[in-house]
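Enquirer: Chain order of the listed sequences is A and B. Quick note, the first sequence lines up with residues 1 to 451 if you use our numbering. Quick note, the second sequence lines up with residues 1 to 379 if you use our numbering.
Misleading hints may appear alongside valid ones.
[As the list claims (entries may be wrong)] Here are the simulated lysine-lysine pairs, DSS-like style, with alpha carbons at most 30 Å apart: (1) Lys74(A) / Lys213(B); (2) Lys276(B) / Lys442(A); (3) Lys74(A) / Lys180(A); (4) Lys90(B) / Lys102(B); (5) Lys205(A) / Lys98(A); (6) Lys337(A) / Lys351(A); (7) Lys73(A) / Lys98(A); (8) Lys197(A) / Lys168(A); (9) Lys351(A) / Lys197(A); (10) Lys64(B) / Lys307(A); (11) Lys213(B) / Lys73(A); (12) Lys74(A) / Lys98(A).
For the record, the hints were derived by calculation from the structure and aren't laboratory data.
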Amino acid sequence: MRALRRSLAEIFRYPTAVVGLVMIALLVALSIYTMITIPYDEAITIWRGSEDTTYRNPRNAPPAWTNVFSEVKKPASMAISTADEDDERLQVTLGTSKEGNPDNTYLFTFDYNYDLFPQELAVYFTSTYQAKNPFVSMMWYRPDGSEVRISDFGIAQKYTYRFSQDDKLQRRMKGMDITKGLFADPESDPENPTVLKGTYVLELKTLAFEPDTEVVSELVMHGLVHGWAGTDNMRRDISLALLWGTPIALMFGLVAAVGTSVLTMVIAAVGVWYGGIIDALIQRITEINLILPFLSILIMIGTFYSKSIWTILGATIALSIFTGGIKTFRAIFMQVKESTYIEAAQTYGAKDLRIIFLYLIPRVIPMLIPGLVLSVPAFVFLEASLAVLGLGDPTLPTWGKLINDAGRAALYNGYYYWILEPAILLMITGIAFAMLGFSLDKIFNPRLRGE
Amino acid sequence: MSVDSQALQQPVEVKKESRRESAFSRIAKYSGGRIVSLFITVVIGVYLTILIANMGGYVDQIRKGQIRDNLYARLGNDQTYKQLPESEKKTYADALIELEEKRLGLDQPFILRSLRFLWDALSMNLGRAQFMSSDTGSRQVRLIITERLGTTLLLMGTANLFLFFSSILIALGLSRSYGSFLDRFFIALSPTSAMPAWFYGIFLILIFAAVLKILPFGGMIDSPPPKTTIGYALNVLKHLILPASSLFISSFFSSVYNWRTFFLIFSSEDYVEMAKAKGLTDQMVQRRYILRPTLPTIITSFSLLLIGMWTGAIITETVFTWPGLGQVTYQAIGFNDTAVIVGTTIIFAYLLALTVFLLDFFYALVDPRVKLGGSQQRS
């Protein structure tokens with residue numbers, strides 16, 4: 001055991017090992033942070049991507065920091081709700097109509113200093129009424145003092161007004177795209193308009209016909225960039241899957257690596273110790289397993305039975321035990337078995353299991369560790385690979401599923417961030433374990449140092 | 001890889017009398033033995049596959065679906081069936097189906113049925129696809145799969161041959177200049193092989209297809225394909241570059257690293273020192289005293305690499321929409337076409353066995369212990 005500790009202390013003499021360790025530590029810290037800040041159930045609900053959780057997000061928007069590297073500043077998303085009365089961008093004038101019903105005016109004021117037009121503009125209404133629905137009217141004031149009458153209409157209890165889908169407004173825009181028309185500089189070329197920068201105001205009047213009616217309205221502007229990770233085609237914030245992908249990837253990789261290595265070692269030890277039929281059986285199983293197409297069988301299991309990450313994890317471990325590794329361990333145990341201390345243990349009457357678990361296996365553990373660490377990336381990527389084939393756990397947000405969702409369409413359309421972000425995280429994970437593993441290999445198997 | 005080099009080696013037991021036999025007959029005997037043992041392995045492997053697939057009753061579903069399809073196709077021309085009233089049509093058909101199921105033994109116990117299916121699978125009678133069809137329009141699973149074998153072989157062959165020869169040559173060079181900058185450079189890059197080929201594929205597509213627009217996103221041939229043979233070949237080559245490179249890159253550095261370490265260990269053997277002391281040239285030492293004795297290990301290690309790549313190509317092919325076996329598997333998942341999924345699994349098992357056998361055969365050719373019938377103790 002002391003030798004093991006000394007070997008581990010030696011890690012710090014290898015810069016690659018230290019870098020790998022630091023990267024792994026950061027990934028673990030990120031996983032813990034994620035699991036604490038975004039509880040599992042919440043993450044799953046958000047990732048299902050219903051309208052309620054994603055309506056404020058734009059579609060296919062790259063991350064906000066891309067603006068730093070670009071001459072052309074893309075607009076960020078924005079939302080102003082009348083429910084939040086402390087919002088400085090909101091100015092409320094409460095009034096009463098002649099009949100004594102609420103007649104309020106809201107001014108949504110915001111600066112627009114970007115170079116490109118927003119993706120979409122919409123107002124989400126929720127109202128309470130018994131029989132007669134409230135009525136709203138909207139005016140649009142531009143920085144140059146001009147104004148545009150938007151529309152006036154009655155609203156249902158839940159109603160969404162999308163500027164771009166208003167045919168009457170479209171006619172007033174003289175053929176220009178509505179979202180562009182609202183923000184365009186009137187002096188610029190209508191074919192290729194530029195943005196009129198400055199402060200815009202949306203005036204919203206709500207007129208109720210019942211005294212108890214309440215109207216909550218929210219102006220939502222979908223920009224062209226969003227958050228630190230961007231959004232996908234279902235308006236979901238990619239950051240959630242990036243964050244939650246970390247603990248899932250680490251869990252899968254580590255559990256599979258530890259499970260496979262430990263079971264392989266134990267089975268090899270049992271085979272060597274008892275010998276005879278058991279050993280022969282293990283050898284034959286290994287040969288058959290070598291012929292079985294690993295990925296195809298996983299695909300079959302994923303398609304026929306369950307795509308649950310636990311099923312796949314179990315199958316992965318089961319199929320990975322009887323591989324080349326078992327032969328390597330066997331060769332090592334064969335040598336260890338002949339050692340004099342084993343003979344001594346037998347003479348004083350140690351039981352078989354005691355010899356296997358207390359005398360044979362501990363001797364080989366140092367040789368197990370590098371291989372274990374080195375196999376983690378393979379398992380992490382296996383999980384991602386299955387997700388890329390569409391066999392990812394249907395409920396979980398993982399890195400592989402991001403790549404699968406993005407697919408070739410993202411490459412065709414230039415949404416590179418969507419693929420690159422999970423890919424880079426996968427790469428960091430893979431390289432971190434590989435760097436640590438290679439160094440451990442040098443420490444524990446000095447023969448491989450090539451000196 | 002060198003650590004696993006024992007994995008594929010079978011104990012070679014050669015009796016004393018056989019010492020007088022010719023090398024040819026020894027190799028034939030050895031290969032024959034391997035064929036038998038590999039065949040048994042494949043049989044068990046395929047049987048396991050069938051057990052896995054059948055646990056959900058899927059194989060039965062394939063067969064029952066087949067019976068139903070065939071029967072209704074036949075009833076379409078059956079005058080007595082056409083004249084039956086609507087209500088009796090179903091009972092009539094059901095009775096026929098039941099009879100047919102009985103005839104095919106679907107009412108038999110599972111053990112018998114699974115053996116029957118094993119026979120079908122081994123004789124490549126893989127049944128009919130439920131949704132997919134081959135390029136020639138056939139529903140036969142065997143045709144769907146075999147028409148894709150060539151394209152997979154083209155991709156795998158190109159990538160693997162390049163990988164094998166380049167990594168061994170470079171590793172030999174590096175083992176001579178141990179500790180040089182180039183040596184350390186390759187060592188530093190070896191962790192890059194932790195990433196699978198499809199992963200590099202995504203980056204290559206992004207750079208060369210999406211951004212630079214000089215190579216195609218995927219596929220195997222332009223549409224419409226070029227008319228001349230040379231044009232066709234060049235066009236395929238153009239489509240081959242990215243997928244083959246991604247397969248190559250994903251294994252290259254660790255392969256070089258492993259070979260380098262392996263050669264280093266061997267070049268410190270006493271007999272190599274001896275050869276050097278005799279004043280033989282570097283090239284001669286390398287060919288006779290390093291490459292020759294390590295050749296069996298090189299080949300076994302290569303076979304392990306091949307085995308990994310056969311199945312690993314599923315995803316690489318999918319990413320590049322390369323119309324090979326892997327893509328068939330992917331499409332079958334999409335359609336949930338069980339017959340095709342089971343079929344590809346069986347084909348992969350055969351391919352793996354074939355790979356193992358071919359490499360065993362080459363192994364026998366180069367391993368003096370087989371060729372000379374030497375019975376020295378194996379380490």
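Enquirer: Work down the list of hints and note, for each, if the structure agrees.
Expert: Here's how the hints hold up against the structure:
Pair hint Lys74(A) plus Lys213(B) holds up; C-alpha atoms about 25 Å apart against a cutoff of 30 Å. For the given pair, Lys276(B) sits about 28 Å from Lys442(A) by alpha-carbon distance, which is consistent with the 30 Å threshold. Pair hint Lys74(A) plus Lys180(A) holds up; C-alpha atoms about 14 Å apart against a cutoff of 30 Å. Between Lys90(B) and Lys102(B), the direct Cα distance comes to roughly 18 Å. Compliance with the 30 Å bound is thereby established for this hinted pair.
Only pairs whose Cα atoms come within 30 Å are accepted, and Lys205(A) paired with Lys98(A) is accepted, the gap being roughly 15 Å. Annotation: proposed proximity of Lys337(A) to Lys351(A) holds, straight-line Cα distance about 14 Å (limit 30 Å). Among the hinted pairs, Lys73(A) with Lys98(A) is inconsistent with the structure: their alpha-carbon atoms are about 47 Å apart, more than 30 Å. Between the alpha carbons of Lys197(A) and Lys168(A) the distance comes to roughly 25 Å, so the proposed pair stays at or under 30 Å and holds.
Taking the CA atoms of Lys351(A) and Lys197(A), the gap is about 84 Å. The hint is violated against a cut of 30 Å. With a CA separation close to 25 Å, the supplied pair Lys64(B) and Lys307(A) stays within the 30 Å bound. Distance hint between Lys213(B) and Lys73(A) is fulfilled; the C-alpha atoms sit about 26 Å from each other, no more than 30 Å. Between Lys74(A) and Lys98(A) the CA atoms are separated by roughly 45 Å; this puts the pair beyond 30 Å, and the hint is violated.
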